[in-house]
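> Sequence:
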Amino acid sequence: MYLIAPEGWLVDKLGDTPDRLFVTGLSRGTTGRVEEILNQIKPDIVNTFILSGGIYGYLAWKKKKNGHIFITVNNPIIYDGIKPLNRFLYPYFYRWMAKGCSVFLVKSDKVKDEVRRVVRNRVPTVSIKNGIDFSIYDRKKEYPDLRSEWNIPRDGFVISSVGALEVRKGHCYLIEAIAKLTTEHKNLYCCIVGSGSEETNVRAQIQSLGVADRVLLLGRRSDINAVLGNSDVFALPSLHEGLPNALMEAMAMGLPCVATDVGGVRELIPDTTLGSVVPPKSAEDLYRELGRYLGDPGLRRATGERAYEKMNSEFSLQAATENLLSVYLQYMVGDP
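The sequence shown begins at 1 in the UniProt record's numbering and counts up by one.
Hints are not guaranteed to be accurate.
Quick list of in silico lysine-lysine cross-link-like pairs, DSS-like style, CA-CA up to 25 Å [as the list claims (entries may be wrong)]:
1) Lys83 / Lys110
2) Lys310 / Lys110
3) Lys65 / Lys42
4) Lys281 / Lys110
5) Lys42 / Lys64
6) Lys112 / Lys62
7) Lys310 / Lys112
These are calculated hints, taken from the structure and not from any lab test. Owing to the predicted nature of the structure, the values given are computational and were not obtained by experimental measurement.
Sequences are here, hints too, so could you generate the full structure?
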(Lines of atoms letter the chains of each structure in order from A; the text may use other names.)
(Lines give C-alpha, C1' and ligand atoms only; values in the text may rest on other atoms or scores of the structure.)
Protein backbone atom coordinates (compact mmCIF):
# COMPACT_ATOMS: atom_id res chain seq x y z
CA MET A 1 0.00 0.00 0.00
CA TYR A 2 1.16 3.53 -0.82
CA LEU A 3 -0.11 6.79 0.68
CA ILE A 4 -0.29 10.14 -1.09
CA ALA A 5 -1.24 12.91 1.35
CA PRO A 6 -0.51 16.49 2.45
CA GLU A 7 1.31 17.26 5.69
CA GLY A 8 -0.81 16.44 8.73
CA TRP A 9 -1.67 13.83 11.34
CA LEU A 10 -1.78 10.95 8.85
CA VAL A 11 1.68 11.71 7.48
CA ASP A 12 2.95 12.06 11.06
CA LYS A 13 1.50 8.65 11.93
CA LEU A 14 2.96 6.86 8.90
CA GLY A 15 6.25 8.70 8.73
CA ASP A 16 8.19 5.54 9.55
CA THR A 17 7.41 4.08 6.08
CA PRO A 18 9.04 6.69 3.79
CA ASP A 19 9.37 4.30 0.84
CA ARG A 20 5.58 4.05 0.67
CA LEU A 21 4.70 7.62 1.60
CA PHE A 22 4.42 10.50 -0.87
CA VAL A 23 3.86 13.93 0.68
CA THR A 24 2.18 16.50 -1.56
CA GLY A 25 0.78 19.95 -1.04
CA LEU A 26 -2.63 21.15 -2.18
CA SER A 27 -1.90 23.50 -5.08
CA ARG A 28 -2.22 23.86 -8.84
CA GLY A 29 0.60 21.37 -9.32
CA THR A 30 -0.90 18.68 -7.11
CA THR A 31 -2.73 16.85 -9.91
CA GLY A 32 0.43 16.55 -12.00
CA ARG A 33 2.40 15.29 -9.00
CA VAL A 34 -0.25 12.68 -8.15
CA GLU A 35 -0.36 11.61 -11.80
CA GLU A 36 3.43 11.08 -11.77
CA ILE A 37 3.18 8.95 -8.64
CA LEU A 38 0.37 6.80 -10.07
CA ASN A 39 2.36 6.24 -13.26
CA GLN A 40 5.35 5.25 -11.14
CA ILE A 41 3.66 2.73 -8.84
CA LYS A 42 0.91 1.54 -11.26
CA PRO A 43 -1.60 0.56 -8.56
CA ASP A 44 -4.40 -1.96 -8.93
CA ILE A 45 -6.60 0.18 -6.68
CA VAL A 46 -6.75 3.93 -6.13
CA ASN A 47 -8.84 4.92 -3.10
CA THR A 48 -9.39 8.64 -2.47
CA PHE A 49 -10.64 10.29 0.72
CA ILE A 50 -12.61 13.51 1.32
CA LEU A 51 -13.76 15.74 -1.54
CA SER A 52 -10.44 17.47 -2.26
CA GLY A 53 -8.66 14.11 -2.37
CA GLY A 54 -11.35 12.81 -4.70
CA ILE A 55 -10.99 15.73 -7.11
CA TYR A 56 -7.18 15.67 -7.26
CA GLY A 57 -7.07 11.87 -7.32
CA TYR A 58 -9.73 11.47 -9.98
CA LEU A 59 -8.17 14.11 -12.23
CA ALA A 60 -4.78 12.38 -11.98
CA TRP A 61 -6.24 8.88 -12.40
CA LYS A 62 -8.51 9.50 -15.39
CA LYS A 63 -5.69 10.32 -17.82
CA LYS A 64 -4.20 6.80 -17.83
CA LYS A 65 -6.62 4.95 -15.56
CA ASN A 66 -4.04 3.00 -13.57
CA GLY A 67 -6.19 0.49 -11.69
CA HIS A 68 -9.76 0.86 -10.43
CA ILE A 69 -10.67 4.00 -8.51
CA PHE A 70 -12.79 3.94 -5.35
CA ILE A 71 -14.07 7.25 -3.99
CA THR A 72 -14.61 7.47 -0.22
CA VAL A 73 -17.17 10.04 0.92
CA ASN A 74 -16.38 10.71 4.57
CA ASN A 75 -18.98 13.36 5.38
CA PRO A 76 -22.36 14.63 4.17
CA ILE A 77 -22.24 16.37 0.79
CA ILE A 78 -24.70 19.09 1.78
CA TYR A 79 -24.57 20.29 5.37
CA ASP A 80 -25.68 23.12 7.60
CA GLY A 81 -23.69 26.28 6.88
CA ILE A 82 -22.46 25.26 3.41
CA LYS A 83 -21.80 28.19 1.06
CA PRO A 84 -24.48 28.70 -1.62
CA LEU A 85 -22.03 28.08 -4.48
CA ASN A 86 -20.76 24.85 -2.91
CA ARG A 87 -24.35 23.64 -2.55
CA PHE A 88 -24.26 23.43 -6.36
CA LEU A 89 -20.60 22.53 -6.89
CA TYR A 90 -20.24 19.62 -4.46
CA PRO A 91 -23.01 17.47 -6.00
CA TYR A 92 -21.64 18.33 -9.44
CA PHE A 93 -18.16 17.05 -8.49
CA TYR A 94 -19.54 13.74 -7.22
CA ARG A 95 -21.63 13.22 -10.37
CA TRP A 96 -18.51 13.95 -12.41
CA MET A 97 -16.47 11.38 -10.47
CA ALA A 98 -19.30 8.86 -10.87
CA LYS A 99 -18.49 8.69 -14.58
CA GLY A 100 -15.31 6.71 -13.92
CA CYS A 101 -15.21 5.35 -10.39
CA SER A 102 -15.95 1.71 -9.60
CA VAL A 103 -17.85 2.41 -6.38
CA PHE A 104 -18.48 5.11 -3.79
CA LEU A 105 -17.51 4.07 -0.26
CA VAL A 106 -19.25 5.79 2.64
CA LYS A 107 -18.94 5.62 6.42
CA SER A 108 -22.59 5.84 7.45
CA ASP A 109 -25.99 4.81 6.14
CA LYS A 110 -27.18 8.43 6.20
CA VAL A 111 -24.36 9.51 3.88
CA LYS A 112 -25.01 6.46 1.69
CA ASP A 113 -28.59 7.58 1.06
CA GLU A 114 -27.42 11.09 0.19
CA VAL A 115 -24.70 9.90 -2.21
CA ARG A 116 -27.17 7.63 -4.00
CA ARG A 117 -29.53 10.57 -4.51
CA VAL A 118 -26.78 12.89 -5.70
CA VAL A 119 -25.14 10.51 -8.21
CA ARG A 120 -28.53 9.10 -9.23
CA ASN A 121 -27.42 5.51 -8.63
CA ARG A 122 -25.01 5.59 -11.60
CA VAL A 123 -22.48 3.50 -9.69
CA PRO A 124 -22.79 1.36 -6.53
CA THR A 125 -22.59 3.04 -3.13
CA VAL A 126 -21.41 0.78 -0.30
CA SER A 127 -21.26 1.52 3.43
CA ILE A 128 -17.99 0.44 5.10
CA LYS A 129 -17.99 1.31 8.78
CA ASN A 130 -14.82 2.45 10.50
CA GLY A 131 -13.06 0.01 12.80
CA ILE A 132 -11.36 0.43 16.16
CA ASP A 133 -7.86 -0.87 16.88
CA PHE A 134 -8.36 -2.15 20.43
CA SER A 135 -4.62 -2.68 20.86
CA ILE A 136 -4.37 1.14 20.81
CA TYR A 137 -7.68 2.05 22.41
CA ASP A 138 -7.35 -0.33 25.32
CA ARG A 139 -9.44 0.83 28.25
CA LYS A 140 -7.72 -1.57 30.67
CA LYS A 141 -4.25 -0.19 30.01
CA GLU A 142 -2.49 2.10 32.50
CA TYR A 143 -1.93 5.47 30.80
CA PRO A 144 0.47 8.26 31.83
CA ASP A 145 -0.90 10.72 34.37
CA LEU A 146 -1.65 13.61 32.02
CA ARG A 147 -3.70 15.43 34.64
CA SER A 148 -0.54 16.52 36.42
CA GLU A 149 0.80 17.77 33.06
CA TRP A 150 -2.40 19.79 32.66
CA ASN A 151 -2.35 21.02 36.29
CA ILE A 152 -5.67 19.33 36.98
CA PRO A 153 -6.13 18.00 40.54
CA ARG A 154 -6.56 14.26 41.01
CA ASP A 155 -10.17 14.73 42.07
CA GLY A 156 -10.89 16.93 39.04
CA PHE A 157 -13.65 15.90 36.63
CA VAL A 158 -12.45 15.92 33.00
CA ILE A 159 -14.64 16.30 29.92
CA SER A 160 -12.63 15.76 26.74
CA SER A 161 -13.39 16.57 23.12
CA VAL A 162 -11.36 15.73 20.02
CA GLY A 163 -11.77 17.61 16.75
CA ALA A 164 -10.20 20.24 14.52
CA LEU A 165 -10.74 23.81 15.67
CA GLU A 166 -13.11 24.62 12.83
CA VAL A 167 -16.64 26.04 12.82
CA ARG A 168 -18.11 22.68 11.77
CA LYS A 169 -16.94 21.07 15.02
CA GLY A 170 -19.18 23.28 17.16
CA HIS A 171 -16.71 24.00 19.96
CA CYS A 172 -18.37 27.33 20.75
CA TYR A 173 -21.48 25.51 22.00
CA LEU A 174 -19.45 23.14 24.16
CA ILE A 175 -17.46 25.98 25.71
CA GLU A 176 -20.68 27.84 26.50
CA ALA A 177 -22.04 24.71 28.19
CA ILE A 178 -18.81 24.23 30.16
CA ALA A 179 -18.89 27.85 31.34
CA LYS A 180 -22.34 27.26 32.81
CA LEU A 181 -21.34 23.93 34.37
CA THR A 182 -18.28 25.42 36.09
CA THR A 183 -20.53 27.68 38.14
CA GLU A 184 -22.01 24.54 39.69
CA HIS A 185 -19.01 22.18 39.68
CA LYS A 186 -15.79 23.72 40.99
CA ASN A 187 -13.64 20.73 40.03
CA LEU A 188 -14.73 20.56 36.36
CA TYR A 189 -12.24 20.83 33.49
CA CYS A 190 -12.59 20.50 29.72
CA CYS A 191 -9.69 19.38 27.50
CA ILE A 192 -10.01 20.02 23.76
CA VAL A 193 -7.64 18.24 21.37
CA GLY A 194 -7.14 19.70 17.89
CA SER A 195 -5.91 22.68 15.92
CA GLY A 196 -7.37 24.76 13.13
CA SER A 197 -8.39 28.12 11.72
CA GLU A 198 -10.81 28.89 14.58
CA GLU A 199 -8.19 28.74 17.33
CA THR A 200 -8.06 32.52 17.81
CA ASN A 201 -11.85 32.75 18.08
CA VAL A 202 -12.00 29.77 20.43
CA ARG A 203 -9.38 31.31 22.71
CA ALA A 204 -11.23 34.63 22.67
CA GLN A 205 -14.48 32.93 23.71
CA ILE A 206 -12.72 31.06 26.52
CA GLN A 207 -11.30 34.35 27.83
CA SER A 208 -14.58 36.25 27.50
CA LEU A 209 -16.47 33.58 29.46
CA GLY A 210 -13.84 33.55 32.19
CA VAL A 211 -12.97 29.86 31.90
CA ALA A 212 -9.33 30.07 30.80
CA ASP A 213 -8.35 28.00 33.85
CA ARG A 214 -11.01 25.37 33.09
CA VAL A 215 -10.94 24.90 29.31
CA LEU A 216 -7.57 23.67 28.05
CA LEU A 217 -6.61 23.67 24.37
CA LEU A 218 -4.15 20.81 23.96
CA GLY A 219 -3.42 21.25 20.25
CA ARG A 220 -2.86 18.34 17.90
CA ARG A 221 -1.73 15.23 19.76
CA SER A 222 -0.77 11.68 18.84
CA ASP A 223 -1.71 10.21 22.24
CA ILE A 224 -5.50 10.43 21.94
CA ASN A 225 -5.84 7.14 23.80
CA ALA A 226 -3.99 8.60 26.79
CA VAL A 227 -6.12 11.74 26.71
CA LEU A 228 -9.26 9.59 26.77
CA GLY A 229 -7.74 7.42 29.48
CA ASN A 230 -7.47 10.54 31.66
CA SER A 231 -11.07 11.62 30.97
CA ASP A 232 -14.40 11.00 32.69
CA VAL A 233 -16.83 11.98 29.90
CA PHE A 234 -16.48 12.71 26.18
CA ALA A 235 -18.31 15.41 24.20
CA LEU A 236 -18.79 15.68 20.43
CA PRO A 237 -20.52 19.03 19.65
CA SER A 238 -20.15 18.82 15.84
CA LEU A 239 -22.49 20.52 13.37
CA HIS A 240 -21.99 17.77 10.79
CA GLU A 241 -20.13 14.44 10.63
CA GLY A 242 -19.96 11.18 8.73
CA LEU A 243 -19.32 8.34 11.17
CA PRO A 244 -17.15 10.14 13.75
CA ASN A 245 -13.96 8.29 14.63
CA ALA A 246 -13.44 10.44 17.71
CA LEU A 247 -16.76 9.31 19.15
CA MET A 248 -16.05 5.67 18.35
CA GLU A 249 -12.66 5.85 20.05
CA ALA A 250 -14.14 7.41 23.17
CA MET A 251 -16.84 4.74 23.35
CA ALA A 252 -14.20 2.03 22.84
CA MET A 253 -12.37 3.45 25.86
CA GLY A 254 -15.51 3.01 27.93
CA LEU A 255 -16.39 6.69 28.27
CA PRO A 256 -19.99 7.90 28.50
CA CYS A 257 -20.49 10.26 25.56
CA VAL A 258 -22.67 13.24 24.72
CA ALA A 259 -22.86 13.85 20.96
CA THR A 260 -24.91 15.97 18.59
CA ASP A 261 -27.50 14.39 16.33
CA VAL A 262 -25.58 14.64 13.05
CA GLY A 263 -24.39 12.18 10.39
CA GLY A 264 -24.03 8.63 11.63
CA VAL A 265 -24.04 9.44 15.36
CA ARG A 266 -27.30 7.54 15.93
CA GLU A 267 -25.75 4.44 14.36
CA LEU A 268 -23.31 4.54 17.28
CA ILE A 269 -25.71 5.76 19.97
CA PRO A 270 -29.15 4.42 18.98
CA ASP A 271 -30.62 4.75 22.48
CA THR A 272 -29.95 6.40 25.84
CA THR A 273 -28.37 3.30 27.37
CA LEU A 274 -25.34 3.88 25.11
CA GLY A 275 -24.93 7.63 25.56
CA SER A 276 -26.71 10.94 25.00
CA VAL A 277 -27.63 12.47 21.64
CA VAL A 278 -28.58 16.16 21.60
CA PRO A 279 -29.57 18.65 18.88
CA PRO A 280 -26.66 20.49 17.22
CA LYS A 281 -26.06 24.14 18.09
CA SER A 282 -27.57 23.74 21.55
CA ALA A 283 -25.33 24.71 24.45
CA GLU A 284 -28.29 24.21 26.79
CA ASP A 285 -28.75 20.55 25.80
CA LEU A 286 -25.02 19.89 26.10
CA TYR A 287 -25.10 21.51 29.54
CA ARG A 288 -28.03 19.36 30.66
CA GLU A 289 -26.67 16.00 29.45
CA LEU A 290 -23.10 16.59 30.57
CA GLY A 291 -24.47 17.64 33.94
CA ARG A 292 -26.36 14.34 34.25
CA TYR A 293 -23.13 12.37 33.97
CA LEU A 294 -21.29 14.76 36.27
CA GLY A 295 -23.71 14.05 39.07
CA ASP A 296 -24.13 10.29 38.68
CA PRO A 297 -21.05 8.01 38.87
CA GLY A 298 -23.21 4.90 38.49
CA LEU A 299 -24.71 6.22 35.26
CA ARG A 300 -21.23 7.01 33.94
CA ARG A 301 -19.99 3.49 34.63
CA ALA A 302 -23.05 1.73 33.19
CA THR A 303 -23.21 3.87 30.05
CA GLY A 304 -19.47 3.60 29.42
CA GLU A 305 -19.56 -0.18 29.80
CA ARG A 306 -22.39 -0.57 27.29
CA ALA A 307 -20.67 1.82 24.88
CA TYR A 308 -17.52 -0.29 25.02
CA GLU A 309 -19.48 -3.50 24.44
CA LYS A 310 -21.11 -2.06 21.32
CA MET A 311 -17.78 -0.97 19.85
CA ASN A 312 -16.15 -4.29 20.69
CA SER A 313 -18.91 -6.39 19.14
CA GLU A 314 -19.71 -4.32 16.04
CA PHE A 315 -16.77 -2.09 15.11
CA SER A 316 -13.52 -4.04 15.30
CA LEU A 317 -10.68 -3.08 12.97
CA GLN A 318 -10.44 -6.65 11.69
CA ALA A 319 -14.09 -6.70 10.63
CA ALA A 320 -13.77 -3.32 8.90
CA THR A 321 -10.63 -4.46 7.05
CA GLU A 322 -12.26 -7.68 5.87
CA ASN A 323 -15.34 -5.80 4.68
CA LEU A 324 -13.23 -3.33 2.70
CA LEU A 325 -11.16 -6.09 1.07
CA SER A 326 -14.31 -7.94 0.04
CA VAL A 327 -15.67 -4.77 -1.60
CA TYR A 328 -12.39 -4.22 -3.46
CA LEU A 329 -12.46 -7.78 -4.81
CA GLN A 330 -16.13 -7.59 -5.71
CA TYR A 331 -15.83 -4.42 -7.79
CA MET A 332 -12.39 -4.97 -9.38
CA VAL A 333 -13.93 -6.49 -12.48
CA GLY A 334 -13.35 -5.60 -16.11
CA ASP A 335 -11.34 -2.66 -17.38
CA PRO A 336 -11.36 0.54 -15.31
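> Now look at each hint and say whether the structure bears it out.
Hint by hint, here is what the structure shows:
1. Lys83 / Lys110: Given that 25 Å is the threshold and the Cα spacing comes to 21 Å, the pair holds.
2. Lys310 / Lys110: Given that 25 Å is the threshold and the Cα spacing comes to 19 Å, the pair holds.
3. Lys65 / Lys42: holds (9 Å)
4. Lys281 / Lys110: Holds. Lys281 to Lys110 sits at ~20 Å (cutoff 25 Å).
5. Lys42 / Lys64: holds (10 Å)
6. Lys112 / Lys62: holds (24 Å)
7. Lys310 / Lys112: holds (22 Å)
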